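Undergrad: Make one complex out of these two single chains by using the hints.
Spelled out from the first residue to the last, the chains are:
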Amino acid sequence: MSASASAAHDTGHQLEQNKFWIFVQIAMLLAVITGLELVTVYMPFVRWLLFSVLVVLSTVKFLFVIFYFMHLRWDRLFCTILFFIGLVLAGGTMWALLKLFGANASKPLTMAMMEPPAAAMRAV
Amino acid sequence: MSSNAAAGTIDHHFDPTTTTGIPNKKLLMWAFLASDCMFFGCLISTHLIYRLHPPPGTPQARQVFSIELTSFSTFILLMSSLMMALAVNAIQKGNLKNMRWSLLTTIFFGCIFLGCQVYEFRNFVYESHLTITNSILGTTFFTLTGTHGLHVLIGVIWLSGMLLYSFTGRLTEKQAIDVESMGLYWHFVDIVWIVIFTAVYLLEYI
Numbered sequence: 001m002s003a004s005a006s007a008a009h010d011t012g013h014q015l016e017q018n019k020f021w022i023f024v025q026i027a028m029l030l031a032v033i034t035g036l037e038l039v040t041v042y043m044p045f046v047r048w049l050l051f052s053v054l055v056v057l058s059t060v061k062f063l064f065v066i067f068y069f070m071h072l073r074w075d076r077l078f079c080t081i082l083f084f085i086g087l088v089l090a091g092g093t094m095w096a097l098l099k100l101f102g103a104n105a106s107k108p109l110t111m112a113m114m115e116p117p118a119a120a121m122r123a124v
Numbered sequence: 125m126s127s128n129a130a131a132g133t134i135d136h137h138f139d140p141t142t143t144t145g146i147p148n149k150k151l152l153m154w155a156f157l158a159s160d161c162m163f164f165g166c167l168i169s170t171h172l173i174y175r176l177h178p179p180p181g182t183p184q185a186r187q188v189f190s191i192e193l194t195s196f197s198t199f200i201l202l203m204s205s206l207m208m209a210l211a212v213n214a215i216q217k218g219n220l221k222n223m224r225w226s227l228l229t230t231i232f233f234g235c236i237f238l239g240c241q242v243y244e245f246r247n248f249v250y251e252s253h254l255t256i257t258n259s260i261l262g263t264t265f266f267t268l269t270g271t272h273g274l275h276v277l278i279g280v281i282w283l284s285g286m287l288l289y290s291f292t293g294r295l296t297e298k299q300a301i302d303v304e305s306m307g308l309y310w311h312f313v314d315i316v317w318i319v320i321f322t323a324v325y326l327l328e329y330i
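Line by line, the protein sequences give chains X and H. Numbered as in our numbering, the first sequence ends at 124 without a single skipped number. Numbered as in our numbering, the second sequence ends at 330 without a single skipped number.
Same shape as in the complex, but just chain H (with noise of 0.2 angstroms):
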């Protein structure tokens, strides 16, 4: 790998100046998202633990979910992982141009999840009369998928920002760490959803 350094190359898997080998921005992104994995642990948790045994009165799951339409929002954050892992590799090559666009299209993968999201969320208040105070199941349900929902929008708008930021001529090869670190917590929001999608929706029509 340093003879790739001495080549010339930039390698983005080690860092020599760190004692680990791994860049620091690398390293503090994944003890971030260590830590939230116990955070969304402790979500689903409590999630899972009112399902087990719901109180009398609680709605039915399987009426108020669209299996559907959730199934879409899941492939659209699947296609946004592309896209992020696609603009990483770019900027690694140094294609500032590709980079850019497959960060708008994650973006734009990432809006219309959330639009699924509020879409989905008018229609249980408005339609199935389910919030997050009239039962326990709107209390977790809305508790946990607000909070994914909140981590993608923290996401859009970095990404957002990144976009804008690469367009001052200050993102090269060399700043490749940073597109790296934001797509470890893109992908972070996209794994977090795979298991909600399982735990929440899908295990509700079995």
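Okay, chain X solo, but in the shape it has when bound (with noise of 0.2 angstroms):
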């Protein structure tokens, strides 16, 4: 039992020296992808591709500052499903409303819609 007591802290304690390189890695690496997010917005490719890739490297750097940084990957999984539930609904709420506003009917109105045909006016 102390045997294994002892090795669960020498891993432990290994893990704690390991975590100051793995930020440090962590942040060359956030660095890197924001450089990448950078040059992509000048890249000659359609837009739809040029958006799927900041979403994803987005999404990628968010990821690594969550389970990282904020140390989720090391806690209790309460604190992922937690914060996940606000995440999820705050996209679900961006995406509703990004639909609804999409929308056709939702273009503001401009002055040529909103005047008369000529013909209605002489009619009237």
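Because the hints were derived from the structure by calculation, they are not lab data. Be careful, since some hints might not be right.
Derived lysine-lysine pairs resembling DSS-like cross-links, with alpha carbons at most 30 angstroms apart [as the list claims (entries may be wrong)]: (1) X:Lys107 x H:Lys217; (2) H:Lys217 x X:Lys19; (3) H:Lys149 x H:Lys298; (4) X:Lys19 x H:Lys149; (5) X:Lys19 x H:Lys221; (6) H:Lys149 x H:Lys217; (7) H:Lys217 x H:Lys298; (8) H:Lys221 x H:Lys298; (9) H:Lys149 x H:Lys221.
Below, a sample of chain H positions facing chain X; criterion: calculated Cβ distance under 7 angstroms [said to hold, decoys possible]: (10) Thr143; (11) Gly145; (12) Gly165; (13) Ile173; (14) Thr198; (15) Leu308.
The model shown is predicted, which means the values in this text are computed figures rather than measured ones. Heads up, the beta-carbon is just placed ideally off N, CA and C, and yes, glycines get one too.
TA: If you want it as structure tokens, here you go:
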């Protein structure tokens, strides 16, 4: 029992030592991804592809920060569940609003749309 | 994990006194961050909605924004997040000196970010004539980034307070949860900026 407890303690200590280098490496990776995002917007590709690449890169950065810097990887699962509840609600709300206001009926009226046809005016 | 507690070391990821095993301060912070997600989600949604069908006469965002400055401030905020993680790591090992240096660097980077925001806002108002009241782009942009900037300012003040508190001799490895909770808030501010950088700035350039 004491040998296994000692081994668990050593493993935990090793993890704490390694965390420093894990954080530094992740920070470098995040900087590289930010650079990639900046380059991506100037690429001569179709809009939907650029949009997808940006979303993927941002999501990768987001996940690295929450799972490593915010310690979700090493914490209890309940913390992850709690945060993702808020995240899913926020994401769902965003999606619903964008779908609703992306419809043609949501386009703002222009002056040309609001002016009555000339023929109708003459008839009056 | 409990064997570590028996050996005298503190397990910073497990609290046996709570029913969930999660320290109450950490649980409170995660619950708050989950709610703040929804808050920023609404602000970001509002901005994106009005970018879908901008009213006539809306300024061209691409001509107003400076992507170079924003990329620099994004990098600075990411590095501040690294320093915050290292500060938490240091206090969890009982290394107060390293924690103080890491906190100081985090505060420094946070102030640089705020300075960049102030410079950017002044540029938008006085050079590009984009204000919070004269166009829908200005309203949504300044509300969203201004709210985020306010969160960063609160974070910087909190970090400064924690740094000063560390000199009273009352901050030890046992109180690492306080620094960790503050770290969670700071990292959240960073991840919100990751989303804002993409949704508000980068999407205007594709």
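Undergrad: None of the hints should be skipped; say for each whether it holds.
TA: Okay, the hints, checked on the actual structure:
1. X:Lys107 x H:Lys217: violated (57 angstroms)
2. H:Lys217 x X:Lys19: Cα-Cα ~11 angstroms, so holds.
3. H:Lys149 x H:Lys298: holds (13 angstroms)
4. X:Lys19 x H:Lys149: OK: Lys19 of chain X and Lys149 of chain H at ~22 angstroms, within 30 angstroms.
5. X:Lys19 x H:Lys221: Status holds; Cα separation ~18 angstroms.
6. H:Lys149 x H:Lys217: holds (19 angstroms)
7. H:Lys217 x H:Lys298: It holds: about 10 angstroms lies between the C-alpha atoms, which stays within 30 angstroms.
8. H:Lys221 x H:Lys298: At roughly 16 angstroms apart (the allowed maximum being 30 angstroms), Lys298 of chain H and Lys221 of chain H satisfy the hint.
9. H:Lys149 x H:Lys221: holds (24 angstroms)
10. Thr143: Violated. Min distance 10 angstroms.
11. Gly145: holds (5 angstroms)
12. Gly165: holds (3 angstroms)
13. Ile173: holds (4 angstroms)
14. Thr198: holds (6 angstroms)
15. Leu308: holds (6 angstroms)
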